Every structure is written in C-alpha cells, then in structure tokens.
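In the working numbering, the protein residues as written are 1 to 1077.
If you are wondering where the hints come from, they were derived from the structure by calculation, not from laboratory data.
All values derive from a computational prediction rather than experimental measurement.
Fair warning: there could be bad hints in the mix.
[To be verified] Listed below are the simulated DSSO-like cross-link pairs for lysine-lysine, each with C-alpha atoms no more than 27 Å apart in a straight line:
1) K571 with K168
2) K910 with K935
3) K910 with K784
4) K553 with K587
5) K571 with K605
6) K1070 with K261
7) K267 with K784
8) K168 with K717
9) K359 with K485
10) K353 with K910
11) K267 with K935
12) K553 with K524
[What the hints assert, rightly or not] Derived Cβ-Cβ restraints for the label pairs, each shown as a range:
13) Q752 with E627: 41 to 51 Å
14) D76 with D523: 28 to 38 Å
15) I530 with S749: 30 to 40 Å
Yeah, the Cβ is synthetic: ideal placement off N, Cα and C, and Gly gets one too.
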Amino acid sequence: NTIRSAKYTILNFLPINLFIQFSNVVNIYFLVISIIQFIPNVSTVGQISTLLPLSIFVSLAIIHEGYDDFKRHTMDRQENDREVLRINLPTQITKVSTDKIPLSPGPTATQTVPCSSLRVGDIVRVDQDDWIPADLVLLGSEHQDGTCYVETASLDGETNLKKLQTLKELQDMYLSDASFQNLRGYIRVEEPTLDLYSIQGYYQLSSTGSFQDGNQLPLSINQVLLRGTLLRNTSYVYGIVIYSGEQTKVRLNATKHVQTKIPFLTKTMNHLSFIAFSLVIILAITASVINLAFRNDYVDKVPYLLHGRISENAFINFLSFIIILNTIVPISLFVTLEFCKIVQAFFISQDLKMYNNEKDTPASFHTTQLNEDLGMVSYIFSDKTGTLTENAMYFRRMTVNDVSYQLEEETRLSRTASRKSIDFSQAIPQATALSLSPGTPLYSAEQSEFDNAFSFNPSDPYTLALTLAICHTVDPENTGTLPPKYRATSPDEFALVTAGHQFGFTFMKRTTANMTIYNHASDKEVTLPILNCLEFTSARKKMSIIIQFPDGKIRLLVKGADSIMIPRLHKNHASDQITKLESSLYKYSCEGLRTLVFASKELTKNEYEEWKTKYDKASQQVGDDPEEIDLLCSELETNLTLLGCTGLEDQLQEGVPESISLLRRAGIKIWVLTGDKLETAINIGQACSLIEPRSDLIILDHRTDDLGAQIKTGLDKLKAASVPDVNTLSDFVLIIDGQTFGVLDNGPSVLQESFLDLALQCGSVILCRSSPSQKAQVVKMVRKRTPSSVTLAIGDGGNDVAMIQQAHVGIGISGNEGVMAAKSSDYSIAQFSYLVPLLLVHGRWNYHRNTRFTLLTFYKCMVFYMTLYFYQTMTGFSGTSWFENWSYIVYNSIFTLLPVIAIGTLDQDKSRKMLLDNPEDYSKVGPRHKYLNWKTYIFHICMALVHAAFIVLPYLVFMKDNVWVYGGGLQPTAPHIIFMGQSVYLTAVLVANLKVAYLASQHTTFIHIGFFLISIIVFFCFQFVISAFTIPNHGYYLHNYIYQLLGSSTFWLCFIWSVGSIVFLDYLIKAINMFFF
1 NTIRSAKYTI LNFLPINLFI QFSNVVNIYF LVISIIQFIP NVSTVGQIST LLPLSIFVSL
61 AIIHEGYDDF KRHTMDRQEN DREVLRINLP TQITKVSTDK IPLSPGPTAT QTVPCSSLRV
121 GDIVRVDQDD WIPADLVLLG SEHQDGTCYV ETASLDGETN LKKLQTLKEL QDMYLSDASF
181 QNLRGYIRVE EPTLDLYSIQ GYYQLSSTGS FQDGNQLPLS INQVLLRGTL LRNTSYVYGI
241 VIYSGEQTKV RLNATKHVQT KIPFLTKTMN HLSFIAFSLV IILAITASVI NLAFRNDYVD
301 KVPYLLHGRI SENAFINFLS FIIILNTIVP ISLFVTLEFC KIVQAFFISQ DLKMYNNEKD
361 TPASFHTTQL NEDLGMVSYI FSDKTGTLTE NAMYFRRMTV NDVSYQLEEE TRLSRTASRK
421 SIDFSQAIPQ ATALSLSPGT PLYSAEQSEF DNAFSFNPSD PYTLALTLAI CHTVDPENTG
481 TLPPKYRATS PDEFALVTAG HQFGFTFMKR TTANMTIYNH ASDKEVTLPI LNCLEFTSAR
541 KKMSIIIQFP DGKIRLLVKG ADSIMIPRLH KNHASDQITK LESSLYKYSC EGLRTLVFAS
601 KELTKNEYEE WKTKYDKASQ QVGDDPEEID LLCSELETNL TLLGCTGLED QLQEGVPESI
661 SLLRRAGIKI WVLTGDKLET AINIGQACSL IEPRSDLIIL DHRTDDLGAQ IKTGLDKLKA
721 ASVPDVNTLS DFVLIIDGQT FGVLDNGPSV LQESFLDLAL QCGSVILCRS SPSQKAQVVK
781 MVRKRTPSSV TLAIGDGGND VAMIQQAHVG IGISGNEGVM AAKSSDYSIA QFSYLVPLLL
841 VHGRWNYHRN TRFTLLTFYK CMVFYMTLYF YQTMTGFSGT SWFENWSYIV YNSIFTLLPV
901 IAIGTLDQDK SRKMLLDNPE DYSKVGPRHK YLNWKTYIFH ICMALVHAAF IVLPYLVFMK
961 DNVWVYGGGL QPTAPHIIFM GQSVYLTAVL VANLKVAYLA SQHTTFIHIG FFLISIIVFF
1021 CFQFVISAFT IPNHGYYLHN YIYQLLGSST FWLCFIWSVG SIVFLDYLIK AINMFFF
C-alpha cells in the first residue's frame, strides 16, 4: 500500500535535474559560452564571468526543486507510516486486480501496522475522523444497518458528507473484531480505473468456503470507502482492501496528466532572447570582419598587434566577441522574474478587496507563472450555477394540471401544526397569478385529503408534494428537530426535500431497506420500503427510486430535465397536456427558475422482479461497459405518468451585474456556458447585465432552419451594424444550445469557421444545455482560432474542471459544489465579483510590471556591453576589455538587481481607483500587447545603444590624452586604460540604476529610492574593496584607483556630461510622447 508522490531518488535527482536545466535553450547557450571561455587566448573577460553566475542560477533552481521534492518525500513518509488497525486473518491472494480475493476463516487478532504494509485482501478497522488508508469494501460499521458517513472534499471537492451502506446480507454480521472468524467467501472487482463514481464487481459469500457456493451480491460504489476520504459521524467501520497504493482511485487521478500552461510572456521572452542572441552573432561577425581589415591595413604601422592577447585568427576573434557580448541575453532574467512573480502572487493573496468574510476565504494562487496573463484576457468563459449565482436553491413554484402552487416565505412546520396541511384549493391558476391569496391559511386541508397522497393520484398536488419528500438521495441526521438536518449532494435536492417538509411531508429517516415519511396531517410516520435507487448521472440526467407504497403497489418515481423526461411520458397523455407542461416550463424559465419534471410508473411484481434480475446480473459483470446499466435503467423509465414540474430559484451572487458591466467595458467578451434551458439562460443573462435592453439576440437552433443559413443571417446583421450610428457589435448576443453546438462540432469545418466568425464578433455568447466536454471544446475552439488572445475560464464545480484546464488561465470559485474546481485552477477566489480587481487591478499591474521588468533587463544588459563594444573602435575591434574581470559577474547579479526587482514587484502605471473608474483602459494595454512587442523591444535596444554612446563618448574625448601616449609608435598605457574603463563602468552602473529606478518607473516609492541607494552603496563598497586589496603591478592596475578616479576633475566632467545628456534625452522623449502620441 505504499504511495510515492516524490519525483526523484538520491541516485537520480542530480542527473535528472541537470538534464532538465540544460533542456532549456538559454542555459545551453550559456554553457557553451562558459566552455568557450576556457579556450586559451579567447576570453578577454576572464574564464568564470559566465560560468559562475550560470552555476549560481542553475544551482538555485536545482535546490528549489530539491526542497520541493524533499517536502514530497516527507509527506510520503507521513502517509506511508500512518498507523492502521489490521484484523489478522490467514487470507491468501495469488493475484491482484480482477482475480478473486478469498476470505478464509481463522482466529481473529488485531495488530497496529504501518499503512504501507497493507495488501489487497487485508481487513482493517478505521475509527471516526481517521483517513481511509486504501480503497476498501465496506463490511460493517457500528450501526446495525451497516451505514457510515465519509467526507470526500479531498477527493472530489464536495463538502457534503456521503452516506455509504453495506449490503443487506452483510448487515448485523460484522460489528466487532471477533465477527471475522466466521468470514468465508470472496470478492471480485474490475481492474483499477480513474472513475471515482462507479465500480463493477460482486461479493460471493460461502457457508462452506467453496468458491462455487453462495449467491453473488452486486457491488456498487455505495459500498466502497475510497482512500483519501475521512470517516465522519461513525465510531468505526470494517473494510477489506480491494485496491492499494498507486492503484487506488485517488492516486490514479493524482497522476493523471494535466496540460502544462505556458504564459504568453514566456513565449515572447523566448523570442526576444533569440533576437538578442542573433544580435550577438551579428555584432561578433561585424567586429571580426572589421578587426581583420584593420590588421591587414595597419599591421606594419602598429607592430604591437603581433604580440600579447590580440589574436591573428579571425575565428578566435569572433569567439572572443561572443564571450564579451554573451549576456546581452540576460542570464538572470528568468530566475529574477520568477522571484518577482512570487511576490506579486503574495500581494494577490493579501488583497482584502478579494477576501470573503462569510467564507473566511482569501484569494489564493496555485501557480505564479500566469500573473501577467491576468492583464491580457480577451475572453471569459463562465459557468452559471455557483459562479454567477449562489448555488443555494430556493423552491418557488410547482405546477400540477396547469395550476401553480407556491409556498409562502414564512412557512415553517412544527409538531404543533401537525393536523394542518396546505390548502391546495386556494391556489390561483397560472393564467392570473403565481401566488397564494394574501391571508389564506397555509394548512387547512382535511386529514383525509392529505392521506390521499399515499394512494398516489397523479392529478393531485398532494401526490407531487409527497414525491418531493421521497424521490431523492438525501440523508437525514437525527437532531431531534423537525425537519432533521439534511445532507444533500446538491442544493437542488436539499431545496426539494425542504419543500416537501413545508408542504406537510417530512423526510425523517433512511436505511438501505426503507425510508420514513412524517405525515403532518395524521401526525404519524409512514415507512416505505425502498426496492431500488437509480441515482443521477450526467449521462442519464435524471434519477429514479422504486418504492413499495402502503397499498402494496410498486411505483417508480422519476425526476429529471424536461428534455429527457418529456419524450419518456406515456403516449396516452393528451397533446394539450404536454403543451400546457411546456408552457409552464417556459414561464418558469422566463422567470429565471431551474425546472424539473416529475413522473411515475406503476410496476407489477413480475415486471419489477424480471427487470431486477437483469439489473443485478449487469451489476455483477466485471469489466463490462457501464452503459449497459444505464440502458437497463432507461428501459424501465419509459411510458411514465406525468405528476408535474417544479421551479427552483438560484439567486445571483452579490455584485455580479456590476462586475459583468465593468468587464464588458474593459473590452472582455463574456461567454456563459450553462446546462440550463434556453429561456432560463436568457433570463439570467438579462439579470446579470449580459443582455441589455438594447441588445440584439441572435439565436441558433438546428431544429428550426438550416444552420448555415442562420449563421449567414447573423453575419449579415453584424455587417449592417458596423455602419456608424446603427449599433455596435458589442450589443449583439449569440445564443446557442448544446445540441446545436454538437451539430456544429461534428459538422464540416466550413460551418465551424462560419460559426466562429459570428461568435467572435458578438459582444457575448450564451451556450445553454451544454455538457462539461462541450464547455472545454468551446474554449479549445476559441484558443485555436485566436492564438494571440488570452482566454480565462471560471467555474466552481467538478464539471468545470475540463474547461478551467483548457483555458490559458483557470479561475476556481470555492463554492457550494465543493473545491474541486478551485483545486484544479490556477487562481481561486470566493465569488465572481472578485474577478474585477483580480483582472483590472492586479492583472493590469502585473502585466505592466513583468513587461517593464523584461524590457529594462534587456536594456541594462545592452547598455553595459555596448560600452565595451564602442570601446573597440579605439582598438581595431581587437576584443580587448577595459573592465576588471569581476565587473562582468556582479553587474547583473548584484549592482543593477534591486531596482529592476522593485519595478517587477511594486511599479504601477495607474492607481487602483483610476483602473476601476476607467475599465476601458484595460483593453488598450494587455490584450493588445502594448507594453511588450517588437516596437517596444527595438525602442529599448535603440535607447540602450544611444545611452551607451552617451556614456562612452565623453571619456573617449576628454580622457584621450591621458590614455594614449606617443613615442616610438602608438602604444597603450595599461593603468590609464583600466582607469578610463572603470570610469565608464561606474557611469554605466549609475545610469542603469537611475533609468530603472527613477526615469522608467511610473510609481516611484521610497522602496524604489531605497533600492537605488542600496545598489549604489554596494557598488562603491565593492570598488573600495578591490581598490584597496588589489596588488600593484599584478594584472590590471587597480590599486587605489577609486581615490584617483573620484579626485579627477576630468572624470566628473565626463560623468556629468554623460548622465545629464541621458536624463535630458529621456525627459525629451517623455514630453514628445505626452504631447504628440
């Protein structure tokens, strides 16, 4: 039962990580440069100026990965060493997976063992609030009926407790440790699968121990305790291990491949790095050619070219310039940017504007890679239920025989009102109103009318009210109150069962065999045997329960979506009855209510037993297609008798209309993907400001007309609207249902392209009746069609995970459907309205910060190395350096690091208030890639070239006589060369920091200024150190140079000229941009 989430072992950690690090093209580039530097007579900047920083940055990345994996190893040890109580029996197994797990009798002994020592076939005891150690088949619990409750939040994200129950045949058998000495038989299950919601297999208990003896009992997921869940509200349970270790469902899902998301900025940075590398090659080739020409023309006049470090080999000279200019491609860019992104993500998590007090939930991040993508979003794909709405359902209406009934808000039942019931005779027909008359007594019906509900008259509203209390999978918790505390897997079921209670039928108790309903009219509890429960699945879109009523009759009760239920109604229903039902559903949908249709079917005993035999046989088949069971269920759920329909209200979250309005003003197109009916989706769209009074709806329906013709009509509308003073394209809203989208998705590519032409031009799109796979497919289609646009998906349920993972940025909402979406997302928030500050504020700031950080990093590298390149004009492009060797190493990694980090973590182009007051600015920046593109890159490179020239030129002019002396030919005086080089170096450091910290910053704070001052202080400290400790006449002459430099009037003249010219030029460019662009 050992699990392993760690990626590495002691032996393979270093080799694998070195391979990963040097799979990065940039690291390979610098590794090659480092190797070249060790070639004799090639490097003029020392042999470790590239290798040392490369080693540091690669080591940091490896250490970070090692620390993460160490934590994974620690968690694995904690998981594997957790103690488990095992019931020792002499069970033997020969194979895992589909083979039989035999159970043999023997003396019972309990033993505490590590979780990792469990094997398939072991029997374990799990106590309350303990983790389930492996996938177990439930054998028994403290309860006589074999029930227990588990919390599955860590598995599927749902916070509601799930009720599990062993088979009837096993109840009362295994209630203590000693019970297992009589255990005989075996269990057979399918191969391990990813599916968390189904399992195929069977028990076969034997009184003799023979595998051929005993009846086969079907095994379902309701008898399986999955690893990773918590036992709640149950003192203890017993279970037998069927899947262990990496074959458990939670581990299979944990190792499932998830698409890696690459941020847009990373792609752009890779392109820019390639351009910078190409520039290095061009400059190196140019320098080599000029040097070759220079030597050929002046070799007789300049004899010293034949000596010293200057090479006569053009290729060696080319390699020298590659080394000199190599960090024009910034070696620290990616590592430093990652640090900035971590700080940005921390600011997101600490923003009180995105903290939800009720849920005690702040914004959180699961990745830092996509921070700037939040400021580049063009399309938002949003779920509706639980994302735009509260996902807290309220029962509002029900219709029986075209008459609508409504509960009063203040309706509450108690034992003191037990003799009363709802007076359905006072309900007002739909044609006039949808409410009870004011002052009408809520419970005034006679007891006989109330009891008639159990005789099940389909036209009686009491029958539908009773069905609300019966047809569900809710579990009650006995709290001594009325109603009891309900545990429901969905808000819909909770609302319906609560409505049944308010109508006078309270669901009180549930076991495997029966359920108990409290009849308020008779003040009696009625026990109804449960024969089968066919639970809801996304494929079936309905659930059923088979009940034996007090009159002895067997009835099937079904509820589901109208699109599934109406075709299954009995043909004897009059056409006008179906028409009235559809009319009621339409009216409910127009009010924004979620609708369900209820129906029933009376079964004969023979009919039921014949179906049950086939159902049990299908349930026991191991490895067969689970759709066979769905087909059997559907076979029974036909020729149904209509009972009525209900309408549930899911209220909008606070601030949703205002948020959508702001996001649309920001130029973001919003697509709502929901499973609701067309009319419900339209009503919600109107309520949340997605559809405005001036909006023009374009509805596509493959059932009404040729789909191609409908799309062409829509495109013609958009073309006409592009004429001034008619309408803006953002006023058009496209609405399409899941079936029509399926036709498009499976249709010819020309039809798909036409649809996308239409959809991408509309301001908003609503896809109703959509499945989880269709949600993901829509995102995929838009991503493929608009590769330069950033897509964002937001949802709160497990059915939104595929969509969230398909989009560039996935946002999960921690809501009533659990936390599966939040766990699968890149960022999570508590409610939809927090998307506004996340995108318009933090997204905009992070896009600004990271793009400026990238450009300024390229700028400061270019400034420094171009000063050296310009110096080559005085040396015939010989590759000679005028900088001290350590200067190359510490320029990027120390002296100019802090100011650019301040830009990457703190800079703001506009305040929060300005960004929220003017959301239109959002679309003009990130989605258009305004701050980082070829133009801005070229501009910063050109500015770096100009600034480098302004730095070098004064020193070449004013210090020339101090550097070059004449006598017996033109010869360099080394002390004066390095003196001028260090003067240029000091100026370059100061200019780079000044440019980044002040001239380029749009939100200069004390931190910016502090980082600038710290950088300058550290720089001068370093200069004083090397000036004091450098040995005279050993290498470059630096001994006490800093004192000579600062005492030189020539230096200060050159310094003031350089810095003043650059500052003046920057302000001039800012003024031109302000007044003319």
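**Request:** Check each numbered hint against the structure and report the violated ones by number, ascending.
**Result:** 1, 3, 4, 6, 8, 13, 14, 15
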